[in-house]
Amino acid sequence: MGTDRMPNAAQKSIASSGNQHYHWDAKKQLVYTWLSRPGSQTIAPDKEVTVRDDRTDTLYIFRRAQPKRR
35 MGTDRMPNAA
45 QKSIASSGNQ
55 HYHWDAKKQL
65 VYTWLSRPGS
75 QTIAPDKEVT
85 VRDDRTDTLY
95 IFRRAQPKRR
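Residues in the sequence shown are numbered consecutively from 35, following the working numbering.
These aren't lab readings, by the way, just hints derived from the structure by calculation. The structure presented is a predicted model; accordingly, all values stated were derived computationally and were not measured. Beta carbons are placed, not taken as given, at the ideal position from N, Cα and C, and that holds for glycine. Hints are not guaranteed to be accurate.
The list that follows gives simulated cross-link-like pairs (lysine to any residue, SDA-like), each with its CA atoms no further than 25 Å apart [unchecked claim]:
| # | residue 1 | residue 2 |
| --- | --- | --- |
| 1 | K61 | L93 |
| 2 | K61 | S74 |
| 3 | K61 | I48 |
| 4 | K81 | S70 |
| 5 | K62 | S50 |
| 6 | K62 | R86 |
| 7 | K102 | R86 |
| 8 | K81 | D91 |
| 9 | K62 | Q75 |
| 10 | K62 | I48 |
| 11 | K62 | V83 |
| 12 | K81 | T67 |
| 13 | K62 | F96 |
| 14 | K61 | Q100 |
| 15 | K62 | I95 |
| 16 | K61 | Y94 |
| 17 | K81 | S51 |
| 18 | K62 | P72 |
| 19 | K61 | Q75 |
If you anchor each label on the Cβ, the simulated ranges turn out as follows [claimed, not checked]:
| # | residue 1 | residue 2 | range |
| --- | --- | --- | --- |
| 20 | Q63 | R98 | 37 to 45 Å |
| 21 | A78 | W58 | 15 to 23 Å |
| 22 | R103 | I48 | 14 to 22 Å |
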């Protein structure tokens, strides 16, 4: 089983409204939604990305890993 890459800031198909961002992958029928850090002037995900598979209506949530403590 291969791995799929998440959308990145260089892609032109990312729609944004304020700090809310959306990407539709028609080929894989996946919807990516996430919030960026308010006031950061970037579309990078702040804490998590939600991915919905339109074929199965399955929802996946990917969260940023917590920093490792020393």
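Comparing the hints with the structure gives:
no.: 1; hint: K61 <-> L93; verdict: 17 Å, holds
no.: 2; hint: K61 <-> S74; verdict: 31 Å, violated
no.: 3; hint: K61 <-> I48; verdict: 15 Å, holds
no.: 4; hint: K81 <-> S70; verdict: 8 Å, holds
no.: 5; hint: K62 <-> S50; verdict: 21 Å, holds
no.: 6; hint: K62 <-> R86; verdict: 11 Å, holds
no.: 7; hint: K102 <-> R86; verdict: 29 Å, violated
no.: 8; hint: K81 <-> D91; verdict: 23 Å, holds
no.: 9; hint: K62 <-> Q75; verdict: 29 Å, violated
no.: 10; hint: K62 <-> I48; verdict: 15 Å, holds
no.: 11; hint: K62 <-> V83; verdict: 17 Å, holds
no.: 12; hint: K81 <-> T67; verdict: 12 Å, holds
no.: 13; hint: K62 <-> F96; verdict: 18 Å, holds
no.: 14; hint: K61 <-> Q100; verdict: 32 Å, violated
no.: 15; hint: K62 <-> I95; verdict: 17 Å, holds
no.: 16; hint: K61 <-> Y94; verdict: 18 Å, holds
no.: 17; hint: K81 <-> S51; verdict: 17 Å, holds
no.: 18; hint: K62 <-> P72; verdict: 29 Å, violated
no.: 19; hint: K61 <-> Q75; verdict: 29 Å, violated
no.: 20; hint: Q63 <-> R98: 37 to 45 Å; verdict: 25 Å, violated
no.: 21; hint: A78 <-> W58: 15 to 23 Å; verdict: 19 Å, holds
no.: 22; hint: R103 <-> I48: 14 to 22 Å; verdict: 33 Å, violated
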